[in-house]
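Participant: Chains as they are written, first to last, in the working numbering: chain F, 1 to 131; chain Z, 1001 to 1477.
Do not rely on the hints blindly, as some may be mistaken.
[As the list claims (entries may be wrong)] Under the rule of at most 30 Å between Cα atoms (straight-line distance), these lysine-lysine pairs were calculated in the DSBU-like manner: (1) Z/K1281 - F/K21; (2) Z/K1281 - F/K2; (3) Z/K1059 - Z/K1080.
The set of hints was computed from the structure by calculation and includes no laboratory data.
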Amino acid sequence: MKIFIIDDDNISIYLTIHVLKSAGFSENISSFLSAEEALQALLQKMATDVPQVIFLDLNMPGMNGWEFLEALAPYKQQLLGLCRIYVLTSSLDLSDSAKSEEYELVCGFIHKTIDEADIEVICSSLEEQAG
Amino acid sequence: MSLVASKTTNSVIITDAHGYTEWVNESFTNITGYTLSDIVGKKPGSILQGPETDPVTIKNINDNLKIAKPFTNEILNYKKSGEKFWFYKETTPILNDAGEVINFIAIQSDISERKKAEEELKRLSLVASKTINGVIITDAEGRTEWINEGFTRSTGYTLSDIIGKKPGYLLQGPETDKVEVQRVRMKLQEGVPFNSMLINYKKSGEALWISMDISPVFDAAGHITRFIAIQKDISLRKEAEANLVKMSHDLYQHNRDLQQFTYIISHNLRAPVANAAGLTKLLVGLNKESADFDVLLTYLNESVARLDDVLKDINLILSIRDKKNVLIKESIKIADVCQQALEDFLEPLRQCEGQVCVDIQQGLLVQANRAYIYSIFYNLLSNAIKYRSEERALLIRIQASLNPEGITIVSFSDNGSGFDTKKAGDNIFKLYKRFHANKEGKGIGLFLVKTHVEVMGGRIEVNSQVGVGTSFIIYLN
Chain F
1 MKIFIIDDDN ISIYLTIHVL KSAGFSENIS SFLSAEEALQ ALLQKMATDV PQVIFLDLNM
61 PGMNGWEFLE ALAPYKQQLL GLCRIYVLTS SLDLSDSAKS EEYELVCGFI HKTIDEADIE
121 VICSSLEEQA G
Chain Z
1001 MSLVASKTTN SVIITDAHGY TEWVNESFTN ITGYTLSDIV GKKPGSILQG PETDPVTIKN
1061 INDNLKIAKP FTNEILNYKK SGEKFWFYKE TTPILNDAGE VINFIAIQSD ISERKKAEEE
1121 LKRLSLVASK TINGVIITDA EGRTEWINEG FTRSTGYTLS DIIGKKPGYL LQGPETDKVE
1181 VQRVRMKLQE GVPFNSMLIN YKKSGEALWI SMDISPVFDA AGHITRFIAI QKDISLRKEA
1241 EANLVKMSHD LYQHNRDLQQ FTYIISHNLR APVANAAGLT KLLVGLNKES ADFDVLLTYL
1301 NESVARLDDV LKDINLILSI RDKKNVLIKE SIKIADVCQQ ALEDFLEPLR QCEGQVCVDI
1361 QQGLLVQANR AYIYSIFYNL LSNAIKYRSE ERALLIRIQA SLNPEGITIV SFSDNGSGFD
1421 TKKAGDNIFK LYKRFHANKE GKGIGLFLVK THVEVMGGRI EVNSQVGVGT SFIIYLN
């Protein structure tokens, strides 16, 4: 399974990858320190090889998480059902989690640091989607 | 003649040369209720006059009768019923060939209605003249016919200043709301009573807020004959309103700043803490000898350092903001402080071959906090160097001067990479907002600059173009 992690914090990326690998979730993980980079990479893979899961941070300089989601809006139809985006943020702000529900492509909202319980939830929804 | 006299609707009395009644017409009886037999042989005055008849008028009549010349009067008379009414009297002596008076003819018309109206008017004008509010009466076209004392007291304009002119012509001025003036015009045409609040100008040029109640006056046919405007000075009220609005605006703004501040801080505080928590959790399960252990420890160290940084930032920012009312300001030479800041960047400037052009008015002094001015120059220089363009050598221009209104203007511009002002929008001065992802920096510099400027009572503006450069303008009192 192909995974993208988009986060400007390198330590956070390290932690996320560690947890994902320990849980045996996936070995194919690409990380991006900027949303613009990630967007480029994603658009290139759009036809053939879309990542199944994207972990998206919200607070980033330049293009932030919300702007990334806005930029994906035109491709929403192509991505729905193929790519599940999970907001992964340190923010405890309720308005952030409420806002994330407005985006169809966002399938969940996870508070850092991601743990095994979060991964289990993601797994079940993936199985549901497939089955 | 007697046919004319008998049928006219005016009342006619004919007396002899001494004033004793010889004949009266039908109208006299219709109006007064007295028949000829009631009054014949008597002086009309003795029948018609009464307690409220003006003695001055009576004397005037008697005097005029003696000199035997035609004269007119208005006189209060009494009907047979005791009811009062007003006569307009024209008295004419009839002379014989020898020039001696043989009769007096008095023709009277009932002017009670008119008199009533006059009384009413007197009463009203008493109200109008004595009220402290300003009263303007205009004709149907809006041209002033009359104003009261209150108006003159309030505006300084006398009747001679304003008579015949439309009040607005004298009273309106530069700050008068044109839209409201239009609305008033329309309402006047509609012919309904209405209220308007406007800025008017006294004769002295001083502006004041007034609340005006305007009422049209109609004649019997329903046409507008006049407008009455009653004006009240509401300047104090308006001032209080404006203060309230400003206060709530300030409070709202302050509140929003605070909310944003706390949001940002909690975000930037939580991030390193979340990391530290995650790292320690992993560390717990790990063998001390494993390679991962060292990596994790290093990251843990870094997370704690980041946390500490944010706390230091908060401390710094709060200490500036708290100082707003007790800030120490002194007279400082901008050129000197600027020079100090430049010296701290001599090495970085040399390394990037950057040049600084300083153009500060000789001996320019400003009331400000020395440390803040230093910090402002420091942060702006730091940014200029950090975000310089790859394509050309860095050139910085610093100018400072005093404008005619006593405001010190400091301008700081560079030819660096610039940023997209449309995209950045309001965020340029916001805390922890960065616009270049690949550069070092927390995004606190400009926030500090803005806070420093504002705590000193000034303001800052920025302009930038990608690929051209950026310029900051700071206004200090």
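Participant: Just pull the numbers of the violated hints for me, sorted ascending.
Facilitator: none
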